[in-house]
Amino acid sequence: MLIKQADELHPSEITPENVYLNRRTFIRIASAAGIGLASSAVFPHLLDSQDRWPQGKKGPYDVSEEVNKFKDITTYNNFYEFGVDKGDPAENSGSFHPKPWTVHIEGEIKKPATYNLDDILKLSKIEDRIYRHRCVEGWSMVIPWRGFPLADLIKRVEPTSKAKYVTFETIYRPEEMPGQKRSVLEWPYVEGLRMDEARHPLTLLAVGLYGKDLLNQNGAPLRLVVPWKYGFKSIKSIVRIKFVEKEPQTTWNLLAPNEYGFYSNVNPDVDHPRWSQKTERRIGDFLKRKTLMFNGYGDLVSGMYTGMDLKKNF
Amino acid sequence: MPKKQVEMRILKLLIFLLALVPVALLAWRAMAGELSANPIKDITEETGIWTLRFILLTLTITPLRKISGWAPLARFRRMIGLFAFFYGSLHFVTYIYLDQFFVLDEILRDVVKRPFITVGFAAFVTMIPLALTSPNRVAKWMGGKRWRLLHRLVYFTALGGVIHYLWLVKADTQRPLMYGGILVMLLAYRLWDYVRSHRIAEKSHSRIEANPA
Numbered sequence: 001m002l003i004k005q006a007d008e009l010h011p012s013e014i015t016p017e018n019v020y021l022n023r024r025t026f027i028r029i030a031s032a033a034g035i036g037l038a039s040s041a042v043f044p045h046l047l048d049s050q051d052r053w054p055q056g057k058k059g060p061y062d063v064s065e066e067v068n069k070f071k072d073i074t075t076y077n078n079f080y081e082f083g084v085d086k087g088d089p090a091e092n093s094g095s096f097h098p099k100p101w102t103v104h105i106e107g108e109i110k111k112p113a114t115y116n117l118d119d120i121l122k123l124s125k126i127e128d129r130i131y132r133h134r135c136v137e138g139w140s141m142v143i144p145w146r147g148f149p150l151a152d153l154i155k156r157v158e159p160t161s162k163a164k165y166v167t168f169e170t171i172y173r174p175e176e177m178p179g180q181k182r183s184v185l186e187w188p189y190v191e192g193l194r195m196d197e198a199r200h201p202l203t204l205l206a207v208g209l210y211g212k213d214l215l216n217q218n219g220a221p222l223r224l225v226v227p228w229k230y231g232f233k234s235i236k237s238i239v240r241i242k243f244v245e246k247e248p249q250t251t252w253n254l255l256a257p258n259e260y261g262f263y264s265n266v267n268p269d270v271d272h273p274r275w276s277q278k279t280e281r282r283i284g285d286f287l288k289r290k291t292l293m294f295n296g297y298g299d300l301v302s303g304m305y306t307g308m309d310l311k312k313n314f
Numbered sequence: 315m316p317k318k319q320v321e322m323r324i325l326k327l328l329i330f331l332l333a334l335v336p337v338a339l340l341a342w343r344a345m346a347g348e349l350s351a352n353p354i355k356d357i358t359e360e361t362g363i364w365t366l367r368f369i370l371l372t373l374t375i376t377p378l379r380k381i382s383g384w385a386p387l388a389r390f391r392r393m394i395g396l397f398a399f400f401y402g403s404l405h406f407v408t409y410i411y412l413d414q415f416f417v418l419d420e421i422l423r424d425v426v427k428r429p430f431i432t433v434g435f436a437a438f439v440t441m442i443p444l445a446l447t448s449p450n451r452v453a454k455w456m457g458g459k460r461w462r463l464l465h466r467l468v469y470f471t472a473l474g475g476v477i478h479y480l481w482l483v484k485a486d487t488q489r490p491l492m493y494g495g496i497l498v499m500l501l502a503y504r505l506w507d508y509v510r511s512h513r514i515a516e517k518s519h520s521r522i523e524a525n526p527a
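These protein sequences, in sequence, are chains A and B.
For the first sequence, this note's numbering gives the first residue as 1, with consecutive numbering after it.
For the second sequence, this note's numbering gives the first residue as 315, with consecutive numbering after it.
Watch out, some of these pointers could steer you wrong.
[Said to hold, decoys possible] Not everything, but these chain A residues come out facing chain B in the computed CB check (under 8 Å): (1) W139; (2) L255; (3) D299.
[Unchecked claim] Below, simulated DSS-like cross-link-like pairs (lysine-lysine); rule was C-alpha separation at most 27 Å, straight line: (4) K484/B - K181/A; (5) K326/B - K278/A; (6) K288/A - K71/A; (7) K380/B - K454/B; (8) K290/A - K427/B; (9) K278/A - K311/A; (10) K246/A - K111/A; (11) K125/A - K69/A; (12) K99/A - K155/A; (13) K111/A - K162/A; (14) K242/A - K162/A; (15) K290/A - K71/A; (16) K312/A - K290/A; (17) K380/B - K312/A; (18) K454/B - K326/B; (19) K484/B - K71/A; (20) K311/A - K427/B; (21) K110/A - K122/A; (22) K311/A - K288/A; (23) K99/A - K71/A; (24) K288/A - K454/B; (25) K164/A - K311/A; (26) K111/A - K122/A; (27) K312/A - K427/B; (28) K69/A - K111/A; (29) K484/B - K290/A; (30) K517/B - K427/B; (31) K69/A - K288/A; (32) K242/A - K155/A; (33) K484/B - K311/A; (34) K380/B - K288/A; (35) K242/A - K99/A; (36) K125/A - K312/A; (37) K278/A - K427/B; (38) K110/A - K242/A; (39) K58/A - K246/A.
It is worth saying that the hints were derived from the structure and are not from the lab.
Here a beta-carbon is modelled for each residue, glycine too, at the ideal position from N, C-alpha and C.
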């Protein structure tokens, strides 16, 4: 049996210790840099001091468009309870207390109750959803919400056959919400959905964004997200959910019924009386882009409106 | 150069530099990344509000001159008026370029269909002849009477500016109404001044008639 002997080691082949050590350091640094580069490509938010959500479609309802910066989502807001300028909510919401929080759920349901926020959080699995958000003013964002389908809550409270609509109410707390000291809008803010819209799997009750709890300026601690409708339908800081038989009143519709309809589905073919809805500026973009019917969610939601005149029911 | 003239020149230069502060601040904020998440909207709003402020400032000069009795004030009126046109032009260009990207049919549709844009556009257009006829030579060539008549257009500019602002806000009319209130006061002063000076003229006229030489 022939066993091959290892050649004898020549002294010249031995790497001097200092070179050997340097090589180790080099490899360590290089691989660290490599991992860093690779991970920054996968998780660009790491580079941007936690300012970017990892891109890419993860679930069936996620959009694959670039997510907006955390800073933009949390400093450019319409939340008139804290003031009418876009920067006001971030600036004036510091003394708002989103905890403890209770929500009254009532109306045409078999199980009316007052829930603590913690109880609501236990109702369903919390998940992240990347949605488009289109403001009626003509700008838009892509936001990674954290929440659960409103449908899960609706199932739990067992609506009666009389429940045709769901209404929502924002908290009224003028001592913590300086915007409520002036009657720019009628307080408290109220919104509503038709039952099928409320039960739609896209409709979320959000408790966070960017993987964190909602900040006060974004509607802490609990808000609605209805991505195929203009942003003002997605009511913030909800304290009451009521199931009713008749189409409810909604805040912006009360202010200007010819400008803001009950449905307020995103629709490039129905202009706001004072401006066009054909295009929008995605925050962060220079050029405007075309606005999509139902904000791009037509495949999922248009079935609810077949046979309806969307110009009349704007 | 007489001392008074030097003082006037320095004062004029000072006001000129002061009037540039809003646009300088805006440019600085834009470059430092200190505008909001929607910088184009910020630029549109900022240049717009400064246009209206300068228009109202121009209209404040005459009442201020009459009340204070300080005649040299009138010499700043043209410069402030031209700054209104300057900010108005920036505002207009922001809309044409940054908001509509020179898509002419969209712009024309906007001007025709959107009342607040119609009014704003009209207000801007009324400033053009005022700016064009601002040099002394042109005013001289026109003759004072015709020049003054033409420059009454500024009342329409101001009214158009306030209505433009009022019609574009979604819910909170407090600020446009405040500017509207200032305009009403400035116009009311003129009406009062007109009635008063006519009454004086009439009185002296009847006195002359009553005492024939």
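Going through the hints against the structure:
1. With its C-beta approaching chain B no nearer than about 6 Å, W139/A sits inside the 8 Å limit, and its interface hint holds.
2. A least Cβ separation of about 6 Å between L255/A and chain B falls short of the 8 Å threshold, and the interface hint therefore holds.
3. Checking D299/A against chain B: minimum C-beta separation of about 28 Å lies over 8 Å; hint violated.
4. Note on K484/B and K181/A: the hinted pairing holds, with a Cα-Cα distance of about 18 Å set against a maximum of 27 Å.
5. Restraint check for K326/B and K278/A: the C-alpha separation of about 47 Å exceeds 27 Å, so the hint is violated.
6. Proximity of K288/A to K71/A is assessed by CA-CA distance (about 21 Å); at most 27 Å being required, the pair is judged to hold.
7. A distance of roughly 24 Å separates the Cα atoms of K380/B and K454/B; the hinted pair therefore holds under the 27 Å criterion.
8. Distance hint between K290/A and K427/B is fulfilled; the C-alpha atoms sit about 19 Å from each other, no more than 27 Å.
9. Between K278/A and K311/A, the direct Cα distance comes to roughly 14 Å. Compliance with the 27 Å bound is thereby established for this hinted pair.
10. For the suggested pair K246/A and K111/A, the alpha carbons sit about 20 Å apart, so the restraint of at most 27 Å is met.
11. Only pairs whose Cα atoms come within 27 Å are accepted, and K125/A paired with K69/A is accepted, the gap being roughly 25 Å.
12. Proximity of K99/A to K155/A is assessed by CA-CA distance (about 26 Å); at most 27 Å being required, the pair is judged to hold.
13. For the suggested pair K111/A and K162/A, the alpha carbons sit about 14 Å apart, so the restraint of at most 27 Å is met.
14. With a C-alpha separation of about 12 Å, the suggested pair K242/A and K162/A falls inside the 27 Å cut-off, and the hint holds.
15. For a cut-off of 27 Å, the pair hint linking K290/A to K71/A stands: about 24 Å separates their Cα positions.
16. Under the criterion of a C-alpha separation no larger than 27 Å, the hint pairing K312/A with K290/A is consistent with the structure, at around 22 Å.
17. The suggested pairing of K380/B with K312/A is violated, with an alpha-carbon distance near 56 Å, which exceeds 27 Å.
18. Proximity of K454/B to K326/B is assessed by CA-CA distance (about 22 Å); at most 27 Å being required, the pair is judged to hold.
19. Restraint check: the Cα-Cα separation between K484/B and K71/A comes to about 25 Å, which is no more than 27 Å; the hinted pair holds.
20. The straight-line distance between the Cα atoms of K311/A and K427/B is roughly 17 Å, inside the 27 Å bound, and the hint therefore holds.
21. Taking the CA atoms of K110/A and K122/A, the gap is near 20 Å; set against the 27 Å cutoff, the hint holds.
22. A distance of roughly 24 Å separates the Cα atoms of K311/A and K288/A; the hinted pair therefore holds under the 27 Å criterion.
23. Annotation: proposed proximity of K99/A to K71/A holds, straight-line Cα distance about 23 Å (limit 27 Å).
24. Taken as a hint, the K288/A and K454/B pair is broken in the structure, with Cα atoms around 47 Å apart against an allowance of 27 Å.
25. For the suggested pair K164/A and K311/A, the alpha carbons sit about 22 Å apart, so the restraint of at most 27 Å is met.
26. Simply put, K111/A and K122/A have alpha-carbon atoms about 17 Å apart, close enough for the 27 Å limit, and the pair holds.
27. Between K312/A and K427/B the alpha-carbon distance is near 19 Å, which keeps this suggested pair within the 27 Å criterion.
28. For the hint pairing K69/A with K111/A, the CA-to-CA distance comes to about 40 Å; that exceeds 27 Å, so the pair is violated.
29. Of the supplied pair hints, the one linking K484/B and K290/A holds, its CA atoms being roughly 22 Å apart against a limit of 27 Å.
30. Note on K517/B and K427/B: the hinted pairing is violated, with a Cα-Cα distance of about 51 Å set against a maximum of 27 Å.
31. A threshold of 27 Å between alpha carbons decides the hint, and for K69/A with K288/A the separation of about 18 Å falls inside it, so the pair holds.
32. Restraint check for K242/A and K155/A: the C-alpha separation of about 14 Å stays at or below 27 Å, so the hint holds.
33. Taken as a hint, the K484/B and K311/A pair is honoured in the structure, with Cα atoms around 21 Å apart against an allowance of 27 Å.
34. Using a Cα cut-off of 27 Å, the hinted pair K380/B and K288/A is violated, with the two alpha carbons roughly 49 Å apart.
35. Our distance criterion of 27 Å between C-alpha atoms is met by K242/A and K99/A, whose separation comes to about 22 Å.
36. Of the supplied pair hints, the one linking K125/A and K312/A is violated, its CA atoms being roughly 38 Å apart against a limit of 27 Å.
37. Distance check on the hinted pair: K278/A and K427/B sit about 14 Å apart at the alpha-carbon level, within 27 Å; holds.
38. Between the alpha carbons of K110/A and K242/A the distance comes to roughly 12 Å, so the proposed pair stays at or under 27 Å and holds.
39. Our distance criterion of 27 Å between C-alpha atoms is broken by K58/A and K246/A, whose separation comes to about 38 Å.
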